[in-house]
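**Q** Required output: the full structure, derived from the provided sequences and hints.
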Amino acid sequence: MRPAFLEPFLLEVGRFFQILGRVLAWTPRPPYDWRELLRQMLRVGVDSVPVVLLTSLFTGMVMALQTFSTLKRVNAEGFVGTLVALSMVRELSPVISSLLIAGRCGSAMGAELGTMRVTEQIDALEVLATDPVHYLVVPRVWATVVTLPMLIVLADVIGIVGGYLISVLYFGANPVTYMENTFRFMDADDVTSGLIKAAVFGLIVAVVGCQKGYFTRGGAEGVGRSTTRAVVLASIAILISDFFLTKILY
Amino acid sequence: MALAATPPVKIRLRGVSKSFSGKVVLDALDLDVFEGESVVVLGGSGTGKSVLLKHMIGLIRPDAGTIEVDGVELGSLSNLELTGFRRRFGMAFQEGALFDSMTVWDNVAFPLRRAKWDRARVAERVSACLEMVHLEGAEHKMPSELSGGMRRRVGFARAIALEPKILLFDEPNTGLDPVIKAVIDELIVELQEKMNSTAVTITHDLNSAYRIADRMALLFRGKIVAYAPPEEFRELDDARVQQFLRGLPSGPLSD
Numbered sequence: 000m001r002p003a004f005l006e007p008f009l010l011e012v013g014r015f016f017q018i019l020g021r022v023l024a025w026t027p028r029p030p031y032d033w034r035e036l037l038r039q040m041l042r043v044g045v046d047s048v049p050v051v052l053l054t055s056l057f058t059g060m061v062m063a064l065q066t067f068s069t070l071k072r073v074n075a076e077g078f079v080g081t082l083v084a085l086s087m088v089r090e091l092s093p094v095i096s097s098l099l100i101a102g103r104c105g106s107a108m109g110a111e112l113g114t115m116r117v118t119e120q121i122d123a124l125e126v127l128a129t130d131p132v133h134y135l136v137v138p139r140v141w142a143t144v145v146t147l148p149m150l151i152v153l154a155d156v157i158g159i160v161g162g163y164l165i166s167v168l169y170f171g172a173n174p175v176t177y178m179e180n181t182f183r184f185m186d187a188d189d190v191t192s193g194l195i196k197a198a199v200f201g202l203i204v205a206v207v208g209c210q211k212g213y214f215t216r217g218g219a220e221g222v223g224r225s226t227t228r229a230v231v232l233a234s235i236a237i238l239i240s241d242f243f244l245t246k247i248l249y
Numbered sequence: 000m001a002l003a004a005t006p007p008v009k010i011r012l013r014g015v016s017k018s019f020s021g022k023v024v025l026d027a028l029d030l031d032v033f034e035g036e037s038v039v040v041l042g043g044s045g046t047g048k049s050v051l052l053k054h055m056i057g058l059i060r061p062d063a064g065t066i067e068v069d070g071v072e073l074g075s076l077s078n079l080e081l082t083g084f085r086r087r088f089g090m091a092f093q094e095g096a097l098f099d100s101m102t103v104w105d106n107v108a109f110p111l112r113r114a115k116w117d118r119a120r121v122a123e124r125v126s127a128c129l130e131m132v133h134l135e136g137a138e139h140k141m142p143s144e145l146s147g148g149m150r151r152r153v154g155f156a157r158a159i160a161l162e163p164k165i166l167l168f169d170e171p172n173t174g175l176d177p178v179i180k181a182v183i184d185e186l187i188v189e190l191q192e193k194m195n196s197t198a199v200t201i202t203h204d205l206n207s208a209y210r211i212a213d214r215m216a217l218l219f220r221g222k223i224v225a226y227a228p229p230e231e232f233r234e235l236d237d238a239r240v241q242q243f244l245r246g247l248p249s250g251p252l253s254d
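Protein chains in written order, with numbering that gives the first Met the number 0: chain A, 0 to 249; chain B, 0 to 254.
Be careful, since some hints might not be right.
[Stated by the list, open to error] Quick list of in silico lysine to aspartate or glutamate cross-link-like pairs, EDC-like style, CA-CA up to 20 Å: (1) B/K115 to A/D188; (2) B/K115 to A/D32; (3) B/K193 to B/E123; (4) B/K115 to A/E35.
Simulated from the structure, these hints should not be mistaken for laboratory data.
**A** Structural data, given as structure tokens:
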């Protein structure tokens, strides 16, 4: 007996790698649409800055609140800065921001490509001797892969600022030792591994979003379904791959 | 409309079958479209007329059978080769399928830019195409600002931009009022004759079919059950054809 979820699961995985393969195959081929790439980078990057800033600020603040009271019990409150910084850089920034981007941009890609599919605009591209993956998916995927790590750098900084604000202003920690402890145990590897994660999550968000859009069927309802599933699927894939990436990267 | 000496076959379908999740849409279908002719494929709603058209241009690949265009078997082409091969076609979609993020001008210019035409030639050709579909002055409108008939005409302009030798029209006048319908039909005839191309039109509208067709075909249960010039088609002694032509509620088509 095959479990009922196996078939759709394998179908989605197969489609993911089909789209990914086509993106890789088309990327080196001209014409290079730099303007579209830039446009997508602005949409994924600049437009997402406020929400990413807000989220990481509060994540950093909550981390400080939580760890301070915990570490105080073992008289180690001096290490709050270390813990906040490492958690943000290695784990929380990439994962939380990527989940947000899945909700903001993955869904938009699913809806946009889905609408183009059901209104035959994707067929029209093919008929006009243009590969839809080349024209639509390639710029979206690379824009997300490049932009998400940039957002994460921003999120890392703001998260650490959030922790600092709570620890120093609210708990009255010493600002100099706090900053010292923040950076004393942090390696470049901690930052880069977070950025590698972000790039992989960016790839997942964009490919899944485009894949759900590209294979949309069934009118307006189908577009709605694709949009929702793009977010759900990308989020699950992010959380699962996060486990394996963490395992590989440390 | 001279059909005396049979011209060479432009599109040849042999034994084309296609099913979608178990439902048979095309069933070992044979059809020859002759060069320079205008063929109209008739059939009820949901009989797979669009699916047939999409097979001709390789948007859908058959489960079985072969499709030859200019003697080239589509199944033998790789995806990349097929993409280039499609320059021989111009296809107009049901609702126009205009790129809704682009103006009318950019929509028509799209295939020209992709074919790397230089700026001046693109401008010249776009104006000429819009003139051919009688839409001068709409260049800077967005698709959402256009009426259904206008959208389809922009779709035509985009389809003919690269002067294709084969024109495919997917339900070009469904859902339009009778006057606009007649205008669209006239335009199809005009474009096909002016460009001396082969045309395949899908419709379930008989008036349109008579206006456009050099040959009419009836699609029923996945096969072409009748194929003849309009005058002969009208007289065919086939219950299915007669039911369709008279629009009768009961008969072999509806059983």
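**Q** Kindly indicate which numbered hints from before are broken by the structure, ordering the numbers from low to high.
**A** 1
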